[in-house]
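Those protein sequences? They're chains A and B, same order as listed. One rule links them: number in the working numbering = place in the first sequence (from 1) + 226. One rule links them: number in the working numbering = place in the second sequence (from 1) + 133.
If you're looking for bench data, these hints aren't it; they were derived computationally from the structure. Quick caveat: nothing in here was measured; it's all calculated off a predicted structure. Even for Gly, the Cβ is constructed at its ideal location relative to N, Cα and C. Careful: at least some of the hints might be erroneous.
What the hints assert, rightly or not - Residues from chain B that face chain A, not an exhaustive set, calculated with beta carbons under 7 Å:
hint : residue
1    : SER135
2    : PRO154
3    : GLN157
4    : VAL161
5    : ASP325
6    : GLY363
7    : VAL367
8    : SER368
9    : VAL372
10   : THR393
11   : ILE404
12   : SER405
13   : GLN431
14   : VAL449
15   : GLY452
16   : ALA453
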Amino acid sequence: MPPAASDETSTNPRFLAAGDTAVVVEFGVVVDHAINRRVTSLGRALRGAGLAGIVDLVPTFRSLMVHFDPTVVRRAEIEETVNALLPELSDEADGGRLWRVPTVYGGDYGPDLEDVARRTGLTPEKVVEIHSGGTYECYMMGFMPGLGYLGILPDELALPRRTEPRVRVPGGSVSIATNLTNIYTKESPGGWHLLGRTPIELFDLRRAEPILLNAGDSVQFYEIDEPTYREMRARADEGDPVIAPEEISGSGEGA
Amino acid sequence: MSGLRVVNAGFAPTIQDRGRPHVQHLGVPPSGALDPVALAIANALVGNAPGAAALELRVMGPTLEVEAESVRVALVGTVAAIEVQGERGGPVDANRSVRFGRGTKFRIGGLSDTGVAYLAIEGGIDVPEIYGSRATYTRSQIGGIEGRAVKDGDLLPVPKSAVGERSETKCADLDWARVQGPLRVVLGPQDDFFSADSIAGLFAETYTCTREADRMGIRLDGPALKHVKGHDIVSDGIVTGAIQVPGNGMPILLLADHQTTGGYPKVGTVISADVPRLGRLRPGDEIRFEEISVEEAQAARAELEVATARVIDRFVRAGAWLDEAALYRENLVSGVVGPMD
């Protein structure tokens, strides 16, 4: 999954078979703002179309996977519906939610901060400034429940994955790799560089809405100190989401 | 709370239903029964809806004890018997319903004839729903009992403390579980990442299921597929049945606990009508693949639905299995120390 920016934007998607219960609507083969926005835009339009037999719509960087029940709807009907929606699709951002994610950078919370600084030729302070200065789009969810792939990271911070993945990355870790950043929702193995940690539980089964992020949302990080982390963490431990999103209205708001 | 007490869990059984395929966009794997046909038949035998939560068994079954007035269960997907313990015990055939009274202890032994079998319980297993499903996904601790496999000492809760008396039913037609022939595959979504020779080989050669198999997938052994455009793709969606091919060229069959997205190319997808057969595979089993079209796959799925409904339609009455221990105790209770006195 080596993402690369490109101007390869196809207006007419390719339909790729994924057996008889899913079809991939592929808009491109690279990580690209415009391609991803068409994917999200198609997802919203198709949800709105209310076609019977649609099981789920899974957006990825450059394609939408339409899961369907083949005993209710035929793939040909899905293709027809998608083709009819194509003229309405937008490659502009169209709303969504903005999450501001509190993060402690460095130290035990972000054990790779110094290393990232060394490898990028920046000071740790500058790495934090750049990372927390960006607005990232959630291109897709995947890898584990509630984990969003956020981009695009400024070029100064782009690094390949660690050559030795960690066996255990703590839940809440805020990390970077290639031109993306993410937040590990639960402890897991992982090969990304750990810059810091958020006290927020992005996936908590005690809540009515266990998962906070969704594809199409935007994310910003802001630095907090350790006492604030501990205070927020205590609330998160009680099942409190601690943060709430802002609704973004209007269109054309680029990152 | 009434239910079945787990005296010995056996080989890490999990509570499964039809899963939660509608929240894959949040990164949550679908999970659910590896063999939804066997699940539906087991549930039908005890009078449940096809997707009620049941116990999915692999390798070695559990020993359970009834902690309810009575329960009705059915074991499906294997020919292994339910062994009722104790002096008045004995074997009860699989593929039939049976009612057990309080205190009955029963064991399901080795499941050497299948990768997966189901123990359905009348009323279903009453654990909380997560995103509309009780299915267990152990990697992220979702569903079932505390998101984990069932262990010794657990209680499998049932919604009713007793089940009604009625004639028991039996599934006499077991041909559905013995389907042979190649697994049918639709090419794509990334068949263009492989050489034509490799794809011809996939449909000509025999592959063997390895021991590296769990609810997420089965690693196969056989002729390696050759990538012609590298083995990394920008992540895209994954569907149950996908044949994923990582860098070493050895295909992996992805099952219900698959990640929702991934970065390896998928050469093809086992059709949904044959996905239940994937759950039944055991290490060492040999398989072959056959290419068919999406239209043929949809027709095959419709046929499977009709065939499964016909199997359920043709259930016959099963002979009584006399639970003498319970009978004795009930007589004792009502005749000598009746609680209503």
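Going down the list of hints, with the structure as the test:
1. SER135: violated (25 Å)
2. PRO154: Nearest chain A Cβ about 5 Å off; hint holds.
3. GLN157: With Cβ-Cβ at 5 Å, under 7 Å, it holds.
4. VAL161: Holds, about 4 Å.
5. ASP325: violated (9 Å)
6. GLY363: Interface hint status for B/GLY363: violated (9 Å vs cutoff 7 Å).
7. VAL367: holds (5 Å)
8. SER368: B/SER368 check passes; min Cβ-Cβ to chain A is 5 Å, inside 7 Å.
9. VAL372: holds (4 Å)
10. THR393: holds (5 Å)
11. ILE404: Hint on B/ILE404: holds, closest Cβ of chain A at ~5 Å, below 7 Å.
12. SER405: holds (5 Å)
13. GLN431: holds (5 Å)
14. VAL449: B/VAL449 check fails; min Cβ-Cβ to chain A is 27 Å, beyond 7 Å.
15. GLY452: violated (36 Å)
16. ALA453: violated (37 Å)
Going down the numbered hints, you'll see the structure goes against 1, 5, 6, 14, 15 and 16, while the others check out.
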